[in-house]
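Here's the letter readout for the chains.
2 protein chains.
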Amino acid sequence: MIRVKIFLAVFLCLIFTGSGYSQSHPRLVLTTKGVSDIRSNLKKSPLLNQSLREAIADVDKDMANGIEVPIPKDMAGGYTHERHKKNYLTLQKAGVIFQITGDQKYAAFIRDMLMQYAKMYPALPPHPETRSYARGKIFWQCLNDANWLVYMSQAYDCIYDWLKPDERNVLEHDLFKPFADYLSVGNPQFFNRIHNHSTWGIAGVGMIGLVMNDQELIDRALYGLKEDNIDKDKKDNDGGLIKMPGQTGAGFFIQLDYLFSPDGYYTEGAYYQRYALYPVMLFAESLENCRPDLKIFDYRNHILSKSLFAILNMTDSEGQFFPINDAQKGMSYLSGELVSAVDIVYHFCGKDPALLSIAKKQNRVLLDNTGLSVAKGLSRGLEKPFIKKSIELKDGPKGDQGGVGIIRTGMPEDELCLVMKYTSQGMGHGHFDKLSFSMYDKGKEVIQDYGVARYVNINQKYGGGYLPENNTWAKQTVAHNTLVVNETSDYKGDSETGNKCHSDPYFFNVTGKGIQIMSAKDTTAYPGVSMHRTMAVIEDKAFEKPLVIDICSVQSEKENQYDLPYYFMGQVMNTNFKYTVPDMLSPLGNAYGYQHLWKTGEGNTADKTAQLNWFSNERFYTLTTLVSPDDQLLFTQIGAEDSAFNLRHDQGFMIRKPREKDALFVSVIESHGHYDPVNEIATNSYAGITDLNLLINNKKYTLISFGDKAGNRWTLSISNEDALAGTNHTIELNGKTYTWTGPFKLTNNE
Amino acid sequence: MIRVKIFLAVFLCLIFTGSGYSQSHPRLVLTTKGVSDIRSNLKKSPLLNQSLREAIADVDKDMANGIEVPIPKDMAGGYTHERHKKNYLTLQKAGVIFQITGDQKYAAFIRDMLMQYAKMYPALPPHPETRSYARGKIFWQCLNDANWLVYMSQAYDCIYDWLKPDERNVLEHDLFKPFADYLSVGNPQFFNRIHNHSTWGIAGVGMIGLVMNDQELIDRALYGLKEDNIDKDKKDNDGGLIKMPGQTGAGFFIQLDYLFSPDGYYTEGAYYQRYALYPVMLFAESLENCRPDLKIFDYRNHILSKSLFAILNMTDSEGQFFPINDAQKGMSYLSGELVSAVDIVYHFCGKDPALLSIAKKQNRVLLDNTGLSVAKGLSRGLEKPFIKKSIELKDGPKGDQGGVGIIRTGMPEDELCLVMKYTSQGMGHGHFDKLSFSMYDKGKEVIQDYGVARYVNINQKYGGGYLPENNTWAKQTVAHNTLVVNETSDYKGDSETGNKCHSDPYFFNVTGKGIQIMSAKDTTAYPGVSMHRTMAVIEDKAFEKPLVIDICSVQSEKENQYDLPYYFMGQVMNTNFKYTVPDMLSPLGNAYGYQHLWKTGEGNTADKTAQLNWFSNERFYTLTTLVSPDDQLLFTQIGAEDSAFNLRHDQGFMIRKPREKDALFVSVIESHGHYDPVNEIATNSYAGITDLNLLINNKKYTLISFGDKAGNRWTLSISNEDALAGTNHTIELNGKTYTWTGPFKLTNNE
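One line per chain: the protein sequences are Z and Y, in this order.
As numbered in the numbering used here, the first sequence has no gaps in its residue numbers, which increase by one up to the final residue, 755.
As numbered in the numbering used here, the second sequence has no gaps in its residue numbers, which increase by one up to the final residue, 755.
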């Protein structure tokens, strides 16, 4: 039956195009059977049809400009860069359109443009811009050349059979083979890495190899270069080591072994995971089509599917990725890379109906078999909600290098979400943010992670590249909602040291009644300093919204200054402590990001708790924190020493303990009330928690209690040294006995 | 036929309630016929039904708490204030629900609560909070007591016939009559004004008069107190004069004569127009129902209808009011006041189908005849789009006190809108912002008007009242996008002087091909200084989006410092001039709002134009401005001397001409390009206008030209002294002759 269909498809192709190609191409992302299926289902699949129409509109618009293949010259954002980028995007689509519609003008356009590249490429020196550790030829870095090859190999595949043999000879001899060689043997420091850059190189080389049936290139992509002579200390432009310490081997399988943790977490964070997923998924699809014997989607216990589910869980309620590490805010699962990943995983990995609900929001599909599957699923109404639950994603190839904890409560449209980071460094794009967190409410940031200091592809801003302030501010510890010791950053801001270290998960429990809680420790960030942070989300009908509890303890043998910033979003409403604002603003410090913070206010209090109440997004928030009279309560604003206005001038609140050995920060963050600007009615605008107490804090135990206006009282007990579920704990305090089993217990009015 | 219906209605009422009331009440907002119509149409009118169900849910929830009539004590935001406010809102709705459903529990609830008020009121002293110029008894100011009466008179009307005569006697004798007296004869400085406060007083007194058929109260409301003995210099809390200079008479008709201009513009601006419209419209509806002989909706050439259309035109593309004068951002035509006004004007003033499209967005209707009309119209699909066009709204009772000019282009979802203010002062809530402007694009602020420094009804912020920074910052000239002379404000910040003055419209022309333009002058704000500002929106297929032109000239006999700030929203991308940022931030000045501005950067240029390019809301913007090397180009940030974080810390750009007699500012503001954070593609991120020239500027003429990258060139010629449409102008410059007819001409490539 399948054979009959293939026969029919081929027959139809012949009718459509009138050309004499065989069934051997396309074979990469499209297949001859896939094209036939798409053609016969086009009318029945509105989303597929719409995606095709959008592609045709895009390509026709670009084709109307004629072919431009300029001599490479510019950086990202500049003319030649953007033109070559547009060229590969257009040709990839044109190839698909040719296959589906049979309209030869698209094939001819691809051929003619590729011929111009073939004419230019052999004499092309490396790109004149020299700042990359691996200069490309078409673009300033091999990475972008590899992007080109991933897309162009698809375009070439689509017209392969349509071309005359001597045309293919020219393209392969003058363009594709030397192009693939330049990216691999010509730049081993680019190709033989375990890194998002090399996923592109590997996919490009492998995909063109599959199109040309060039076994040498295919093997190079799957297994890496046998020799690379890369110095073990060599670094890339971001300061990351080229070779991962202990790296043995390279190529696609090694990437899949090392890039993702067993939970599918990618160590650079979601933003780069998205970027790496596109070539990984496309190459996997190509392999599944050309080399089904490899069973690539089964590899490493379905790691490809896991990596997609991991990244989908690292999104806020609007689908935007948590901006961990170098990540530009706004990027989401609506991106093209995620469209590919969702469609490919849906099609090849069991047709999970929850993925259809993501595809529905994406509102476009790949123009291939996988997109057809998704479009069919949607047109049949098979989708089910993608429920994002609280989840811990472990980091590291073996899952033993820390992780990310995500706690969620409430319905998606009114979700409160807490993200805590206790991963490894995350390579060159990692931030020095051990035990940091961020908090979301109703899909908006309440306590923000700054993200990257970069405007990707906006030429005015340093060619769209990383801004200097990314190193001096965004990566630094003080730019995050976590502890800073003595105004320095974790590992003194040294990535190389950081890359050898990771925090340790202590416990993660989201099954308790009314409480979800996560806890992690770090002993690596500051020599001689141990940090332990526990964060919980507590739901109780006594509170309007869930409460966030933050317990951050630090131990050291010598006295230090401890700073804990909270980058809250919104307008300060009031505080329960007095503060003064300076007549002139000065930077809070002179290094490790402190030079970028204006000190905008300063206070302290003799009360045992300080409260900061603010307003954002029609809701009120209150941070209630335990303080001593010596603690400094600082208001800050980002933007000092910002000579080109590269930073967002957002504010922060910082609790400073000037001289302590062991210290404890305990805070409750409440989301409460509502303000309606149309009816001008404020409800529940003051905090519900009126009282916060530390019962005990020692090496073994931390017990806190808090109470509300109505006289309710809660006690949270934590075991600091034993996270085993079955251990019994007993402690007597002021004549009262507290007993519990496992690492924590929440009690109410006991 | 009508009589038959009324008979039936009464008959039905009798059946429904089993009570013996006559047809004389309700008569105010509801009528017996109206109730009958609503009942019979409820099932056919989904929106009416929904509004009723929402009202029932609200009232039931509040009734479940029982009746609370606490002794008055608190300010706005505090318990007793919010409780009494909630009481009148609930009773008004309960009255309507009783009438429509006939469920007597609502009537009983109203009676019982009113009885508690009747018990408390006679012995009640003025409210303990003494800060108002007209203290209330239930609330801290008469204004809120008047709100109470407007709502409660409706509730009383609904149960009037249901009550026993002796119950009515108690309520009228102990509560309503003394309440109305206290607001009128008891507080003439509140009642006999021409002001939004007194519209509430008048409506409350008039409406309860109509319910009780008390001719004395009705006459008082319509014609004011005959004697008030108010000192002509007496002021209210906002610094506004109690009596308008030259005011003769008071009461409702005088309000309608003086509050609105012939175009329907209310001198305090849209935010307060909304506030005043509710009592005005409700009282008008009540009069139309009880005293149709007055033909109130025909009064002053349909001024009530005009005032609604004026305010609807003073909204951005999301329906939010332009925040002119003291106005909290976020208030929109979705507010309850506008629901009333739209429904009432629709019903009584010709059933304009464009109003239905506003009502559709409001998604609720009044539960009376007017709401029924709207609901019927909507269920029949009669709505037509409400097209907001460019419009000039003149200010002043006679329309001769300046005005507001609004220029719009494009479809609502992608509209560019320019608002220029050349009104009179706008009484106590007026800002010192002569010839200021604001600019919107895609429904978002691009160049913002700060609005008010206040968080209305948010208790933490100064009891929800005006913040001190409203006077020291928000009202000051430098807080606006207009010229500041010698670091002082218009009229040296004196409202009383300001209230005697206004700017002058020069011309407003929105019928030209490719150009809409407005021009106004002011000679009052600074003694000895004449200002003339012309703003245009130019559309040409050579630009991606419309251009904004801003020509601001100033003439003086002595040297002054001239500052022109632009409060642009978004992130600075780049400039074509060099600037430095200070190591420490100091305030830009020490008075008139300058004390609240940090100076965050400073530059200048030897080029004849300075360009500032910024990014906001996925779009790029560029301000290109003519400068001389002596001009200082300043970056500022709001927030200095902000000891309670009461201000938004937004940024500005300021062009300073340190010492000039006559000076000219010429700028082009472009909206261009797009940035898509999901695809990370920036298009057209640089300005299109590369060249800006002044050809001549003298008393008679100003001619500028500007050109784009493609070599196109435009010339804009303006006659500065003769705005007549028919005058011919000729001027020779550098051997070229420019001729045109009327006050302006735009030419392209001539």
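Don't take each hint at face value.
Note that identical chains are pooled: a pair holds if it fits in a single copy or bridges any two copies.
[What the hints assert, rightly or not] Within a straight-line C-alpha distance of at most 25 Å, the following computed DSS-like cross-link-like pairs (lysine-lysine) qualify: (1) 750 x 666; (2) 393 x 705; (3) 90 x 300; (4) 237 x 334; (5) 334 x 449; (6) 394 x 705; (7) 169 x 239; (8) 300 x 497; (9) 714 x 90; (10) 714 x 91; (11) 449 x 750; (12) 78 x 714; (13) 356 x 169.
These are computed hints drawn from the structure, not numbers from a lab.
These numbers were taken from a predicted model, which means no experiment stands behind them.
Results for each hint:
no. : hint      : in the structure
1   : 750 x 666 : neither (27 Å within a copy, 75 Å between copies)
2   : 393 x 705 : neither (34 Å within a copy, 68 Å between copies)
3   : 90 x 300  : neither (32 Å within a copy, 70 Å between copies)
4   : 237 x 334 : neither (33 Å within a copy, 58 Å between copies)
5   : 334 x 449 : both (12 Å within a copy, 20 Å between copies)
6   : 394 x 705 : neither (31 Å within a copy, 71 Å between copies)
7   : 169 x 239 : neither (45 Å within a copy, 95 Å between copies)
8   : 300 x 497 : neither (44 Å within a copy, 80 Å between copies)
9   : 714 x 90  : between (60 Å within a copy, 24 Å between copies)
10  : 714 x 91  : between (61 Å within a copy, 22 Å between copies)
11  : 449 x 750 : neither (30 Å within a copy, 48 Å between copies)
12  : 78 x 714  : between (67 Å within a copy, 21 Å between copies)
13  : 356 x 169 : neither (39 Å within a copy, 72 Å between copies)
Violated hints for the displayed structure, listed by number in ascending order: 1, 2, 3, 4, 6, 7, 8, 11 and 13.
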